[in-house]
Amino acid sequence: MTAASQAIAVTRTLEAVMRNDRGRLTAALIARLRDFQLAEEVLQEAAVSALTHWGRSGLPSSPQGWLLRVALRRAIDRLRSGQRDARRAADLAVLAADEADDTEPHMIADDRLRLIFTCCHPALEPKTRVALTLRTLGGLTTVEIAGAFLDDPTAMGQRLSRAKAKIAAAGIPFAIPAPEDWAERLQSVLVVVYLIFNQGYSANPGPQPLRRDLCEEAIFLARMLDALRPGEAETEGLLALLLLTHSRHAARHMAGVSVPLAQQDRALWDAPMIAEGLALLDRAMERRAPGPFQIKAAIGALHAAPGVTDWPQIALLYDSLLRMEPTPVIRLHRAVALAEAGALEPALLLLEPLARELDDYQPFHAARADLLARAGRIAAALTAYDQAIALAGSAADASFLGIRRDAAATLRANDKTTP
Amino acid sequence: MKYMILIYNDPALEPAYGTPAFDAMMAGFFAANQTMAADGVLVSGEGLQGVETATSLRIRGGKAETMDGPFATTKEHLGGYYVVDVADLDAALKYAALLPAAEFGTIEVRPLMNYNPAGN
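Protein chains in written order, with this note's numbering: chain A, 1 to 419; chain B, 1 to 120.
Isolated chain A, as found in the complex:
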């Protein structure tokens, strides 16, 4: 092997390990060091020295074990150079014992489940939970996370540092929640994964897609949760929901315009992904532990079903969902399903009381505009379309809404010509 090809092999291996195993290595380090910041810094330092060492002496038999060992050694050095006291000394003894292990990758205890519960702890702000999960388990850089949120990288960096500092200072545990808290805390983790997916879903489909697709990142995290703690109906429900939704990603946009579900080219849907989602949903339902993500997945399954969409059934599922999540957004979806099932005027009446709470929510105005146009109330529909376009989060959505608005305007123009 030439020096150049050796250097390339080293870089590729290191990149692959840091991408695939970063979460696992970070979790293993946090488990030993009990310090997010220190864990992240020493892993980064270990990666930098890997470039030099592996280039000189060849790839180690276990790159993951090597990185863990070197990172721990760095941490020990740092602790030694700091204040020496009883607790630090005890820490060092534990660390030194760990360091002696010549750890193969499969032998590195998987602490990612504990880590995700720390990152998604309710004592952190919801947006911080999302960012911290992407950073520590997804291994996205601060710049990538800031990009996904259209945030300033400096502000995102500060948000992450504040979170790590709070975890340490407030004593947020690095632990699997107690059985009595399990269901609630798992739901909090699943919501974070769902938010990550939604952030990716609503992103502007520009010519330069993000290097790391947040939808795929969320699917990776849901798979990870399902693997680390199998048999959870809601985790399976979430993964099913994400797969069923993501299966349509190739059909969602055409020439920079959003395509509504009913008009999508089904040949572009990812059939194996749909099959996997449906199988997961079946497995989840058999556990007889219903939850919001399973219901959302069941709604997704009805949308993916061939033939005419079963809107009355979808409306019923929204009824069940509303009992678990009595939010205005679910009420909006339920009203739309009722309208699709034929109850147009009752649906419009159900929308009225939501106007105040959902005034800033683009899909509310878009749905209302659509129903008003169908009910023949064109002037009101055009106003609602204008509100929706003003709130559109992406150019693709704005283009789509513009086309709908023009269609409604044409209706009115035609209407005027008839006496």
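Just so you know, the hints here were simulated from the structure itself, not pulled from any lab data.
As the structure is a prediction and not an experimental result, all values here were calculated from the model.
Worth double-checking, as some hints may not be accurate.
Unchecked claim - Cβ-Cβ distance ranges computed for the label pairs, FRET-style:
1) Pro11(B) - Leu316(A): 41 to 51 Å
2) Leu322(A) - Ala102(B): 22 to 32 Å
3) Gly402(A) - Glu103(B): 42 to 52 Å
4) Thr66(B) - Ala109(A): 54 to 64 Å
5) Leu261(A) - Pro11(B): 33 to 43 Å
6) Ala168(A) - Thr66(B): 37 to 47 Å
7) Glu108(B) - Ala227(A): 32 to 42 Å
8) Pro290(A) - Thr106(B): 25 to 35 Å
9) Leu261(A) - Glu76(B): 28 to 38 Å
10) Ala395(A) - Asp68(B): 55 to 65 Å
11) Ala109(A) - Asn114(B): 27 to 37 Å
12) Gly307(A) - Thr74(B): 53 to 63 Å
Idealized CB from N, CA, C, for every residue including glycine.
Please build the complex by placing chain B on the supplied structure of chain A, with the hints as guidance.
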């Protein structure tokens, strides 16, 4: 870790003395005290008299200024506190959730400053 559990509430929303709701609240506090003591986590805890008894003081330019009333004029006032010594935030939050005031006020949980990082 030691945490202070600060109880904030709006006196207007508190159950009135002499009502069954007041008795239930006091019984709830008593039960919480018992649990914390039995679990060996209770370091200290006190209830405060009403905010109308508060006096604030500050020294400006070497001169003490004394004022009637609390530091901040908000609806929810500090009404009492506990200090518990527990493993982590989750444990502290569990004890905070035992306090009846959580149902009509807000409980803030904060770690105490640790002046002795060696922990001995």
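- prompt: Which hints, by number, does the structure contradict?
  reply: Hints 5, 9 contradicted; others consistent.
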